[in-house]
Amino acid sequence: MSKARQGNYFEDFRLGQVIAHATPRTVTAGDVALYTALYGSRFAVQSSDAFAKAIGYAAAPIDDLLVFHIVFGKTVPDISLNAVANLGYAECRFLKPVFPGDTLSSTSEVIGLKENSNKQSGVVYVRTTGRDQTGAAVLDYVRWVMVKKRDEAAVAPAPHVPTLKAALEPADLGGALPPLTLEGYDTALSGNPARWDDYEIGEKIDHLDAMTLEEAEHQLATRLYQNTAKVHFNLHEQAQGRFKRRLIYGGHIISLARALSFNGLENAFHVAAINAGRHVSPAFAGDTVYAWSEVLDKQPLPGRDDAGALRLRLIATKDKPCTSFPYKAGDQYDPAVLLDLDYWAVLPR
Amino acid sequence: MSKARQGNYFEDFRLGQVIAHATPRTVTAGDVALYTALYGSRFAVQSSDAFAKAIGYAAAPIDDLLVFHIVFGKTVPDISLNAVANLGYAECRFLKPVFPGDTLSSTSEVIGLKENSNKQSGVVYVRTTGRDQTGAAVLDYVRWVMVKKRDEAAVAPAPHVPTLKAALEPADLGGALPPLTLEGYDTALSGNPARWDDYEIGEKIDHLDAMTLEEAEHQLATRLYQNTAKVHFNLHEQAQGRFKRRLIYGGHIISLARALSFNGLENAFHVAAINAGRHVSPAFAGDTVYAWSEVLDKQPLPGRDDAGALRLRLIATKDKPCTSFPYKAGDQYDPAVLLDLDYWAVLPR
Amino acid sequence: MSKARQGNYFEDFRLGQVIAHATPRTVTAGDVALYTALYGSRFAVQSSDAFAKAIGYAAAPIDDLLVFHIVFGKTVPDISLNAVANLGYAECRFLKPVFPGDTLSSTSEVIGLKENSNKQSGVVYVRTTGRDQTGAAVLDYVRWVMVKKRDEAAVAPAPHVPTLKAALEPADLGGALPPLTLEGYDTALSGNPARWDDYEIGEKIDHLDAMTLEEAEHQLATRLYQNTAKVHFNLHEQAQGRFKRRLIYGGHIISLARALSFNGLENAFHVAAINAGRHVSPAFAGDTVYAWSEVLDKQPLPGRDDAGALRLRLIATKDKPCTSFPYKAGDQYDPAVLLDLDYWAVLPR
Numbered sequence: 000m001s002k003a004r005q006g007n008y009f010e011d012f013r014l015g016q017v018i019a020h021a022t023p024r025t026v027t028a029g030d031v032a033l034y035t036a037l038y039g040s041r042f043a044v045q046s047s048d049a050f051a052k053a054i055g056y057a058a059a060p061i062d063d064l065l066v067f068h069i070v071f072g073k074t075v076p077d078i079s080l081n082a083v084a085n086l087g088y089a090e091c092r093f094l095k096p097v098f099p100g101d102t103l104s105s106t107s108e109v110i111g112l113k114e115n116s117n118k119q120s121g122v123v124y125v126r127t128t129g130r131d132q133t134g135a136a137v138l139d140y141v142r143w144v145m146v147k148k149r150d151e152a153a154v155a156p157a158p159h160v161p162t163l164k165a166a167l168e169p170a171d172l173g174g175a176l177p178p179l180t181l182e183g184y185d186t187a188l189s190g191n192p193a194r195w196d197d198y199e200i201g202e203k204i205d206h207l208d209a210m211t212l213e214e215a216e217h218q219l220a221t222r223l224y225q226n227t228a229k230v231h232f233n234l235h236e237q238a239q240g241r242f243k244r245r246l247i248y249g250g251h252i253i254s255l256a257r258a259l260s261f262n263g264l265e266n267a268f269h270v271a272a273i274n275a276g277r278h279v280s281p282a283f284a285g286d287t288v289y290a291w292s293e294v295l296d297k298q299p300l301p302g303r304d305d306a307g308a309l310r311l312r313l314i315a316t317k318d319k320p321c322t323s324f325p326y327k328a329g330d331q332y333d334p335a336v337l338l339d340l341d342y343w344a345v346l347p348r
Numbered sequence: 000m001s002k003a004r005q006g007n008y009f010e011d012f013r014l015g016q017v018i019a020h021a022t023p024r025t026v027t028a029g030d031v032a033l034y035t036a037l038y039g040s041r042f043a044v045q046s047s048d049a050f051a052k053a054i055g056y057a058a059a060p061i062d063d064l065l066v067f068h069i070v071f072g073k074t075v076p077d078i079s080l081n082a083v084a085n086l087g088y089a090e091c092r093f094l095k096p097v098f099p100g101d102t103l104s105s106t107s108e109v110i111g112l113k114e115n116s117n118k119q120s121g122v123v124y125v126r127t128t129g130r131d132q133t134g135a136a137v138l139d140y141v142r143w144v145m146v147k148k149r150d151e152a153a154v155a156p157a158p159h160v161p162t163l164k165a166a167l168e169p170a171d172l173g174g175a176l177p178p179l180t181l182e183g184y185d186t187a188l189s190g191n192p193a194r195w196d197d198y199e200i201g202e203k204i205d206h207l208d209a210m211t212l213e214e215a216e217h218q219l220a221t222r223l224y225q226n227t228a229k230v231h232f233n234l235h236e237q238a239q240g241r242f243k244r245r246l247i248y249g250g251h252i253i254s255l256a257r258a259l260s261f262n263g264l265e266n267a268f269h270v271a272a273i274n275a276g277r278h279v280s281p282a283f284a285g286d287t288v289y290a291w292s293e294v295l296d297k298q299p300l301p302g303r304d305d306a307g308a309l310r311l312r313l314i315a316t317k318d319k320p321c322t323s324f325p326y327k328a329g330d331q332y333d334p335a336v337l338l339d340l341d342y343w344a345v346l347p348r
Numbered sequence: 000m001s002k003a004r005q006g007n008y009f010e011d012f013r014l015g016q017v018i019a020h021a022t023p024r025t026v027t028a029g030d031v032a033l034y035t036a037l038y039g040s041r042f043a044v045q046s047s048d049a050f051a052k053a054i055g056y057a058a059a060p061i062d063d064l065l066v067f068h069i070v071f072g073k074t075v076p077d078i079s080l081n082a083v084a085n086l087g088y089a090e091c092r093f094l095k096p097v098f099p100g101d102t103l104s105s106t107s108e109v110i111g112l113k114e115n116s117n118k119q120s121g122v123v124y125v126r127t128t129g130r131d132q133t134g135a136a137v138l139d140y141v142r143w144v145m146v147k148k149r150d151e152a153a154v155a156p157a158p159h160v161p162t163l164k165a166a167l168e169p170a171d172l173g174g175a176l177p178p179l180t181l182e183g184y185d186t187a188l189s190g191n192p193a194r195w196d197d198y199e200i201g202e203k204i205d206h207l208d209a210m211t212l213e214e215a216e217h218q219l220a221t222r223l224y225q226n227t228a229k230v231h232f233n234l235h236e237q238a239q240g241r242f243k244r245r246l247i248y249g250g251h252i253i254s255l256a257r258a259l260s261f262n263g264l265e266n267a268f269h270v271a272a273i274n275a276g277r278h279v280s281p282a283f284a285g286d287t288v289y290a291w292s293e294v295l296d297k298q299p300l301p302g303r304d305d306a307g308a309l310r311l312r313l314i315a316t317k318d319k320p321c322t323s324f325p326y327k328a329g330d331q332y333d334p335a336v337l338l339d340l341d342y343w344a345v346l347p348r
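Chains A, B and C are the protein sequences, given in the same order. Quick note: the first sequence, position 117, residue 116 per numbering that gives the first Met the number 0, numbers continuous. Quick note: the second sequence, position 312, residue 311 per numbering that gives the first Met the number 0, numbers continuous. Quick note: the third sequence, position 314, residue 313 per numbering that gives the first Met the number 0, numbers continuous.
Hints are computed from structural coordinates only; laboratory data are not their basis. The C-beta atom is built at its ideal place from N, Cα and C for all residues, glycine as well. It is possible that some hints are incorrect.
As the list claims (entries may be wrong) - Distance condition first, Cα-Cα at most 30 angstroms in a straight line; then the derived DSBU-like pairs of lysine-lysine:
id : chain 1 : residue 1 : chain 2 : residue 2
1  : C       : K203      : A       : K2
2  : A       : K2        : C       : K327
3  : C       : K319      : A       : K2
Said to hold, decoys possible - Now the stretches of chain C that chain A is said to cover, found in silico as 3 or more residues with beta-carbon under 8 angstroms:
id : stretch
4  : 28–35
5  : 47–60
6  : 129–141
7  : 182–196
8  : 208–217
Pulled out of the complex, with its shape left as it was, chain A reads as follows:
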């Protein structure tokens, strides 16, 4: 029996099981520089120690999505190495800011299991928590993924599907946001005078910019997150498969779309929560990614008046400018849509 691990199959999971994932990771200024080089993000708070300190942070915090990818990457060898499809995310909350020097690790609890009727696979629901070196939670989220069975004859547990919130509540937001010193928030440096109060529900923003995807870039990103999903790295195997190409990690598209969204959302510097995320189509090297956003909701943060939250739909498209806000025709997504992300961003008031 080889010591190399092939990952878990559907019948290996048990409801309530808690899995401690391998490879704790100290996040550093090196990761921050690479993240900037990979996506070109320009939010002032994450880019500048001086700006971050002026508004109440100890230093520039690590980009929320970089934290997400690092926490997520650790779960892949245990949860989704034998996945057929990544089905969704929910209830993702950012709970504590992360700074260079912090060490992140991840655990996942199996909170749902449901075999598919074909007996070849089943859906596994996990709640993953990322913690820093003090044991404090910095992030938690629910993810569900369709995982192959090793043995079709294996008996499945009784189905259990967890109840998940369609969206997080304002009271769930802001744990990772220190009290802001608003007089230190310089909108000339942040790039836009528009604050929370200036956005309206229903407002749509075409972010105008676009980036073309490269193999070397998504591989560098995905390895930086220590995510080991084979489909992103192995052309020899993928060439024999359905797509003939390496598939790009969905999180790479999320980060790219978020960086593009800077143009028009310059002060939406903090992702406080992700309500739902869907990778509508696969993305490949050579695709050019455009993005647009819609304000779905607008809520103050309970008990504080320094910041407010916008619930945003962030759509990324492929080879299609977003002037006309491509989304859905009826139930069908526009074929150009790559990503449909529903999240809460925080802006200063």
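Take the given structure of chain A and dock chains B and C to it, following the hints.
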């Protein structure tokens, strides 16, 4: 009216206008590592804290051109998003060394405006200053760029073209150079015994080495500088344009040529000033860049005997070795020339 | 006579000659992040300050192979710029852990010279030592390389071939390994419960994972190591040569194979020595690299019971999964084999 910004057009600029550019940026050891990986620069002072301290720096300073690119990148959304062409640089002085941990921001003053006779565009001259977190200037330079008009009927201001120096004077140099402890300068470690005194006016050096450009590399570089010019990133749009390809940021070629120039200029560790720079031809992925230099002038630094300055012409070519120093035939550049850069480098005496 | 250097030729070397190589290099968290992005390595000790401290390190040490590449890179301009072929490595010992902030430099002593019978080239043997800023050796190794003669008529020195160990002894290992606090070694975080005692001589492990090589990635890596060998960077010249393509630095394959070997060797966190290394075939962009390992020997470390050493053969293949452990048929390597590396790894007991 969308909150996403389309950039300024010629008629949006006013003489004397001062623009504070967005996104302050803390430069870190992560940026230094990426810069090394992108260009392979080997100057001992910027590569080694121990070497830098031995000659009088507090630590290894950030490469001068990395400082330039970061300061420059911030100006793109305000100055050149609607540029037809980047026409030139002048009077670029490096004023204070930058170290990891410093936060850079940029402002530009409009110092000249001249509408083109076709009324479709005009030339905008700006003097840009990069400052650190203390407010001290680390760099300033003049750049002029041809910018489209939004509306051809818009009335242009009276033309004003600033007077610019053909080259900076020795008295303009050395602000970013601490007093050097020459006995700490180890030429075995720096790679060449040749100091300032050993170079002669008219001397030409073929740098021998060459590097082939890659899409992923120039995109990583240009995003690292938070430079948002669309032509470098959007293949979908560029494929419909004149070049059919992404155009590489000119500063990427400058940094690459400078790194290649190490072979023969090992002790020319500090770029004290850029007198002029011309991107003679566009560069694309797949091009192999070679470089050579000529010593145009040689001057002591006023009031100090630790270092001297060489005025250098740095030529980068494409797919052509520089054994025969390709440059111009009459007024015409050799078709292989990509870059013609005129700068002052400082060497120990 | 140009100041740019063309590198040494066979007749330039003298037995006993000591060469101090240029460009000392401070290793930082930026290099660590890039190394992770380039190879996706997941050994807990190098990834996490918290994990490293819990077992007795002052902080997460720099990956041994990153130290090797940086020390090696410095030698290229002096030793192998005119190499026909890199023939082998031996007696490579890791002597002291390296941490972010340490500055590395290299010297080489010529320990052997043997002209080839065709008088066109000769073999140069050097023992290279990497030192930190205190002058302490962190690494030494022997390398031999076939170097062209500038002038076939040049008289060669008397041949001298050094005697080299086929493999290092257990007593040569462990200099870079602090006393381990085994109760701090958490195998849930490291990724596998298997410790030194759990491996057996003759055991073979297919590491399952694979990565496809990209031009931008190997160029970034090789420049990060400030390795200037032209064959890795200059497509214009290579296109006219034997392979028509850029050749990938052999060390890039070693690091990639080592990172892949994590799956099944999760606790083999420290490379204590390299006995021998052979680049069986050249690697190019587009190749997909797989890897497997065999335990060749198993030895305690003299005088300590916290860790033991496994002598491992690490084989990397190209476009061929390692299910059947491809290696040799008689004396002939399987045509898919890229790398045959013989090294000692250290694991906790």
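To see whether the hints hold, each was checked on the structure:
Restraint check for K203(C) and K2(A): the C-alpha separation of about 9 angstroms stays at or below 30 angstroms, so the hint holds. Pair hint K2(A) plus K327(C) holds up; C-alpha atoms about 23 angstroms apart against a cutoff of 30 angstroms. For the given pair, K319(C) sits about 20 angstroms from K2(A) by alpha-carbon distance, which is consistent with the 30 angstroms threshold. With 7 residues carrying a beta carbon less than 8 angstroms from a beta carbon of chain A, the stretch 28–35 of chain C meets the three-residue requirement, and the given coverage holds.
Only when three residues or more bring their CB closer than 8 angstroms to a CB of chain A does the claim for the stretch 47–60 of chain C stand; here the count is 5, and the claim holds. Here the stretch 129–141 of chain C counts 0 residues with a CB under 8 angstroms from a CB of chain A, which misses the bar of 3, and the coverage is violated. Restraint check on the stretch 182–196 of chain C versus chain A: 6 residues with Cβ-Cβ distances below 8 angstroms, three needed, restraint holds. Only residues whose C-beta sits within less than 8 angstroms of a C-beta in chain A count toward coverage, and the stretch 208–217 of chain C has 8 of them, enough to reach three; the restraint holds.
Violated hint: 6 only; the structure is consistent with all others.
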